[in-house]
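**Student:** Sequence:
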Amino acid sequence: MDDGVILKLLLFANVVSLVLLSKGVYELVKNNELSKRILTYILLFIYFIGFVYIENMILEKGLKDYVDISMLISVTFFTQLAFIFILTTNKIAKTVSNNNETEIITNKVKIYKTLIEDKINNGDLFNLTKIKIQNYRTLIEYSSDKTFNSILSYASLLVKKHRNDRNVSIFYDNNEIIIIGNLTNKDKINNIALDVYELLIQPIKMKGKNFILQPIIGNVIYSNDIDNADEMLKRVDIACYKAKKLGLVIDFYSENYAQSINDEVDILSKLVHAIPNKEFELYYQPIVNSIDKTLHGYEALIRWPQKDGSMIPPDKFISIAEKNNYIKGITQWVVSQVASDIIRLKNDNLNFQVHINISTLDLYDDDLYNQLFDMVANKHLEPSSMILEVTESALMSDVDAAYLMLSKLSELGFYISIDDFGTGYSSLSLLRILAFNQIKIDQSFIRNMAVGNSDYAIVASTIYLAHSLGCNVVAEGVEDEHLFAELQELGCDYVQGYYISKPQDIDSIINWSLKLIEREKMSAIA
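Numbering-wise, UniProt numbering puts 478 at position 478 of the sequence shown, and it's gapless, one number per residue.
No wet-lab data here; the hints were simulated from the structure.
One or more of the hints may lead you astray.
[Claimed, not checked] Label pairs and their computed distance ranges (CB to CB):
| hint | residue 1 | residue 2 | range |
| --- | --- | --- | --- |
| 1 | MET206 | ASP165 | 19 to 29 Å |
| 2 | LEU194 | ASN370 | 16 to 26 Å |
| 3 | LYS408 | ARG344 | 20 to 30 Å |
| 4 | SER340 | ASN210 | 53 to 63 Å |
[As the list claims (entries may be wrong)] Keeping only pairs whose Cα atoms sit at most 30 Å apart, straight-line, the calculated DSSO-like set for lysine-lysine is:
| hint | residue 1 | residue 2 |
| --- | --- | --- |
| 5 | LYS132 | LYS278 |
| 6 | LYS113 | LYS307 |
| 7 | LYS245 | LYS234 |
| 8 | LYS207 | LYS278 |
| 9 | LYS119 | LYS316 |
| 10 | LYS188 | LYS119 |
| 11 | LYS188 | LYS278 |
| 12 | LYS346 | LYS328 |
Predicted model only: the values in this text are computed from it and were never measured.
Backbone N, C-alpha and C define an ideal beta-carbon position, used for all residues, glycine too.
Could you build the full structure based on these sequences and the hints that come with them?
**Tutor:** As structure tokens, this is what we get:
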């Protein structure tokens, strides 16, 4: 190949390398301090002068000194390539390094996990804070994913400026901001978290709109029982979950709460299979007349037996089912099973009403009404044989919706009972407008009542109020003869509790009921 062509190709490569060098310099300095910019610009200027000098040599000497010129071009070219490599390497290293200054990283590959692992392996004392934006879906719907990412980036910058600490690393990803610090004092961490919270709830203006974040902040301090980054991140997630569940905006990880979370996760995983596999059972607790202890009805109580013979109590799994939208399936099963058991009771001439508990979510869902309507229409259930128990707090969550649903159920022929009365702080006007037939006094008042104390006064006034409204009263939690006698004296209509009988399965309750009726007959003859 002609020497002139080779020299021109080499010169062209030198020009390309200069362009790449300029681009690399721009990427490096655009977000850097002024001093670093000036230094980089000086270096670039020197290389530019060198390039002009080479070009002049070619113009003056032509191609006579080919070897000298080509050597000079080659040295300059490869020097520029080396500088480009240094720029690129420095940029990558800068992304993952936070030894000298606070970094904010848009991190899609969880670089912060590596940093946490390093701190754990080195035995460093540090803390981890996670800020979860609770309303991120709403913000995305209101704007876009790109806008929300900009909002999160800006929020991270606010946190960075507030912390102003070289030993702090800040990351943001999805709907979270991660802060890795070097604090071990719980009070100090909490105070900083409070300041950050106050900072983040201020309106953020973006693209002409004001955006308001709803952050929840979880904190965890490294301890020796943490072996890896996943465990650290799991604990800070539990702290966030705990804060949300307790209605707080900031909280710390606690071992006791972690155990309750693990239990909840375990129950939830079992619930998925329990409904289709019909693992639940119904137990029935009798309700008797307070005057002569004659049988009045039963309350259906759900039980969940386990393979090891233990039981998961309803107060543990019902709330989890409600929170995770499994309660509808449970209620549908209970209604169907109670309807079948009512037929069994009637076959033994036990024509008594059965109480079932209705969840708050069931009360505001037409599926329950539709199921009951179909069962009545198809003559699978007589509505007067079933009493629907609704908690006082459920009624108060949406009075208008409760009024409409209870009115429809009453028109269908079902009896309505207000369960756990006295715990929901309902007003008298609420009792006046809602269609109900019965009040059940919560057992917390019954068990602690004694003549002259406040619980006794509440029970007495509730009985009087219910009778004034044309309703009967059931007292729950009656466990001894003394309580039974006091309620009898106050004029309570019916009682329920272990003093009468513990809850029993359908076969046992049928036998118990038949024996009770037989004793009543024998007493009448005597």
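**Student:** Hint by hint, say whether it matches the structure.
**Tutor:** Hint check:
At roughly 26 Å, the beta carbons of MET206 and ASP165 sit within the given window of 19 to 29 Å. Taking 16 to 26 Å as the suggested C-beta distance range, the pair LEU194 and ASN370 does not conform, at roughly 49 Å. For LYS408 and ARG344, the hinted distance range of 20 to 30 Å is satisfied, since their beta carbons lie about 28 Å from each other. Restraint check, SER340 to ASN210: a C-beta distance of roughly 57 Å satisfies the suggested window 53 to 63 Å.
Of the supplied pair hints, the one linking LYS132 and LYS278 is violated, its CA atoms being roughly 37 Å apart against a limit of 30 Å. Under the criterion of a C-alpha separation no larger than 30 Å, the hint pairing LYS113 with LYS307 is inconsistent with the structure, at around 39 Å. Distance restraint check for LYS245 and LYS234: the Cα-Cα separation of roughly 16 Å lies within the 30 Å cut-off, and the hinted pair is therefore satisfied. Between LYS207 and LYS278 the alpha-carbon distance is near 54 Å, which puts this suggested pair outside the 30 Å criterion.
Our distance criterion of 30 Å between C-alpha atoms is broken by LYS119 and LYS316, whose separation comes to about 38 Å. With a C-alpha separation of about 20 Å, the suggested pairing of LYS188 with LYS119 holds against the 30 Å cut-off. Simply put, LYS188 and LYS278 have alpha-carbon atoms about 51 Å apart, too far for the 30 Å limit, and the pair is violated. At roughly 27 Å between alpha-carbon atoms, LYS346 and LYS328 fall within 30 Å of each other, so this suggested pair holds.
Violated hints, in rising order: 2, 5, 6, 8, 9 and 11; the structure is consistent with all others.
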